[in-house]
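Number of protein chains: 2
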Amino acid sequence: MVTTQQLDAALGTALETAGRGHRGANPLVGACILDGDGNLIATGYHLGAGHPHAEVDALRRLGKLDPATAGKLTMVVTLEPCNHTGRTGPCAKAIADAGIGQVHYAVSDRTAASGGAQYLRSRGIPATQFADDAAARALNHRWFLSKEQDRPFITVKLAQSLDARINAPDGTSQWITSPESRNHAHGLRARVDGILIGTNTAVIDNPRLSARTRDGQLHGKQPYRLVMGQRELPESLALAEGDGWEQINTHDVHTVIRRANELGLGHLLIEGGATVASAFIEADLADELYCYQAPLLIGAGSSSVNLPTTTLGQAHRYRLDSSSNESLARLGDDIMLHLEPLPSA
Amino acid sequence: MVTTQQLDAALGTALETAGRGHRGANPLVGACILDGDGNLIATGYHLGAGHPHAEVDALRRLGKLDPATAGKLTMVVTLEPCNHTGRTGPCAKAIADAGIGQVHYAVSDRTAASGGAQYLRSRGIPATQFADDAAARALNHRWFLSKEQDRPFITVKLAQSLDARINAPDGTSQWITSPESRNHAHGLRARVDGILIGTNTAVIDNPRLSARTRDGQLHGKQPYRLVMGQRELPESLALAEGDGWEQINTHDVHTVIRRANELGLGHLLIEGGATVASAFIEADLADELYCYQAPLLIGAGSSSVNLPTTTLGQAHRYRLDSSSNESLARLGDDIMLHLEPLPSA
Chain V
1 MVTTQQLDAA
11 LGTALETAGR
21 GHRGANPLVG
31 ACILDGDGNL
41 IATGYHLGAG
51 HPHAEVDALR
61 RLGKLDPATA
71 GKLTMVVTLE
81 PCNHTGRTGP
91 CAKAIADAGI
101 GQVHYAVSDR
111 TAASGGAQYL
121 RSRGIPATQF
131 ADDAAARALN
141 HRWFLSKEQD
151 RPFITVKLAQ
161 SLDARINAPD
171 GTSQWITSPE
181 SRNHAHGLRA
191 RVDGILIGTN
201 TAVIDNPRLS
211 ARTRDGQLHG
221 KQPYRLVMGQ
231 RELPESLALA
241 EGDGWEQINT
251 HDVHTVIRRA
261 NELGLGHLLI
271 EGGATVASAF
281 IEADLADELY
291 CYQAPLLIGA
301 GSSSVNLPTT
311 TLGQAHRYRL
321 DSSSNESLAR
331 LGDDIMLHLE
341 PLPSA
Chain F
1 MVTTQQLDAA
11 LGTALETAGR
21 GHRGANPLVG
31 ACILDGDGNL
41 IATGYHLGAG
51 HPHAEVDALR
61 RLGKLDPATA
71 GKLTMVVTLE
81 PCNHTGRTGP
91 CAKAIADAGI
101 GQVHYAVSDR
111 TAASGGAQYL
121 RSRGIPATQF
131 ADDAAARALN
141 HRWFLSKEQD
151 RPFITVKLAQ
161 SLDARINAPD
171 GTSQWITSPE
181 SRNHAHGLRA
191 RVDGILIGTN
201 TAVIDNPRLS
211 ARTRDGQLHG
221 KQPYRLVMGQ
231 RELPESLALA
241 EGDGWEQINT
251 HDVHTVIRRA
261 NELGLGHLLI
271 EGGATVASAF
281 IEADLADELY
291 CYQAPLLIGA
301 GSSSVNLPTT
311 TLGQAHRYRL
321 DSSSNESLAR
331 LGDDIMLHLE
341 PLPSA
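Heads up: the sequence lines are chains V and F, in that order.
For what it's worth, the working numbering labels the leading residue of the first sequence as 1, then goes sequentially.
For what it's worth, the working numbering labels the leading residue of the second sequence as 1, then goes sequentially.
Careful: at least some of the hints might be erroneous.
Claimed, not checked - Which residues of chain V face chain F? A partial, calculated answer using Cβ under 7 Å:
1. P126
2. A164
3. A168
4. D170
5. P295
6. I298
7. L307
8. T309
9. A315
10. R317
The hints are simulated quantities; they were obtained by calculation from the structure and are not laboratory data.
Every value quoted in this text rests on a predicted model; they were computed, and no experiment measured them.
Beta carbons: idealized from backbone N, C-alpha and C, even for Gly.
For reference, chain V alone in the conformation it holds in the complex (with noise of 0.2 Å):
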């Protein structure tokens, strides 16, 4: 028998384990899995899109199970298991073949990958979603939004010394930040499915926009890069080479955003320069930041962010992303801090 209080610790348990996964085009989620009595036997989580999913995770970990034993168990899941063949098989299939005795989970789906909880009923399984899924929709409050909007989840990277400049009035920049957060940023780029800079950007810095590794390798997957703006690229841009860019000739973020809907990208990187990080800002399409600071006063030259902003009241909050287990970090000799906008009252 497992009682309400084991369910609720369990689902805490679930939610604190989601963070170690990365937002992005999916959600952050945890799951647990109870024995019989109610005891804690397995914990899972979802590193993100392409991996397993939380539930598979936690599956995983208990090995093959033999009817008997798996009728007793209960999945605690921070998520409604999807329902959905993507880049994995539906979740909800998994729990019901492996012969899991009851479900219960927190945030209701509402994606396309709804419909798990249903799924698991009419195997004879029960799915019942927790009264209070107030944490766990906090956990992806931005997530979600970004859904309701129809749109990719959107990262947004400021690399800058500690008085917020991005380069020297000459246009000197390379490099303010550190080898370890250049690689921290290489992992950003390798996890996204698509990268976003200014033309000006594109031009000036003239950045390959690759995924690579410590060594320089090429990581597996490689993002999609999008140029934004009106003026003309030369041919031979570093990021023209190879497959998979193109320019998007607007100011408007929202016509980006209905030219990565088109292309599937369901992740965005917006690596800059500060017009377009900006602009996504001010707009509030900035589902989370990455800061990276070096330890430098340059006293001069661009800011990192630019907004038409009049009066303090007007400016955008973040946070800590508390439920990462990085949101303040040290990259060699600079800082690093992981943040999502404050959700609205």
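Fit chain F to the known structure of chain V by using the hints.
Only chain F this time, still in chain V's reference frame:
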């Protein structure tokens, strides 16, 4: 018999222990006491000006010693014991009076407090300098520089948004930082001898510049208040309530330093505004920075630092103060960085 390895290890421990204190009018100092077999039996550190010195702190932890025991003990200290009666008595005398058998110290004291080793020897106590004092010099490299330059140790406080703004274009700035950050900054005020602001800050923000506890009570020690600049000040300034303030009618940082020396201020805190802080940073007179960052993007308004930089090579480079136990901290919703200038190569 104490081995060289034991002495080196004790110096390492003393250097670490030193970081529990705060640099200011006095440097960071740590001490260890070893028994006759070279075992560590006590550590001590100097919390800051007005508190016991590291050697006395370590002796106190041992309690009363009988002469036979004391004679077998070795004191290891990161800085030559002082021979100076200031707010506390001379350490060299305290060590000799306790009957300690031998002393090993790292950096030799060249300030007005020097002569401790000679005093110890005059009392028949071998006092030996470590061959390698590089780590102990590095621990206080900026403090030693401030003494060589015959000036106060200077702390610069920056309180800013993530994008390094200190106000919005309409001047609104209260409160960018969290109550926890402001409380921490009041702790700084309570440790320094003087606080400096510019005339514009005095007029516009009209701060009291008193050091207050979390519940608004005045700390026992209050800093002397200096206002730098040529703008005429109104008589109704908040900081003019009570004694202990003056205007220095100059824009020159060196004039301010001369006056601080005349006033006997060993530790000066620069609280802003941006022009005053930047002048000290540009003159390489910021011995440490406390940078409080609130998690918001203002996107316009004044920057915390403005320097006549043209190219990145001229940027002022810092590092998280590795000697400190608190070089990167969360203060409520804010973060705080404690930085020191990179040592010159």
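Checked hints:
no., hint, verdict
1, P126, "violated (41 Å)"
2, A164, "holds (4 Å)"
3, A168, "holds (4 Å)"
4, D170, "holds (5 Å)"
5, P295, "holds (4 Å)"
6, I298, "holds (5 Å)"
7, L307, "holds (2 Å)"
8, T309, "holds (5 Å)"
9, A315, "holds (4 Å)"
10, R317, "holds (5 Å)"
Figure legend: structure checked against the earlier numbered hints; the only hint not met is number 1.
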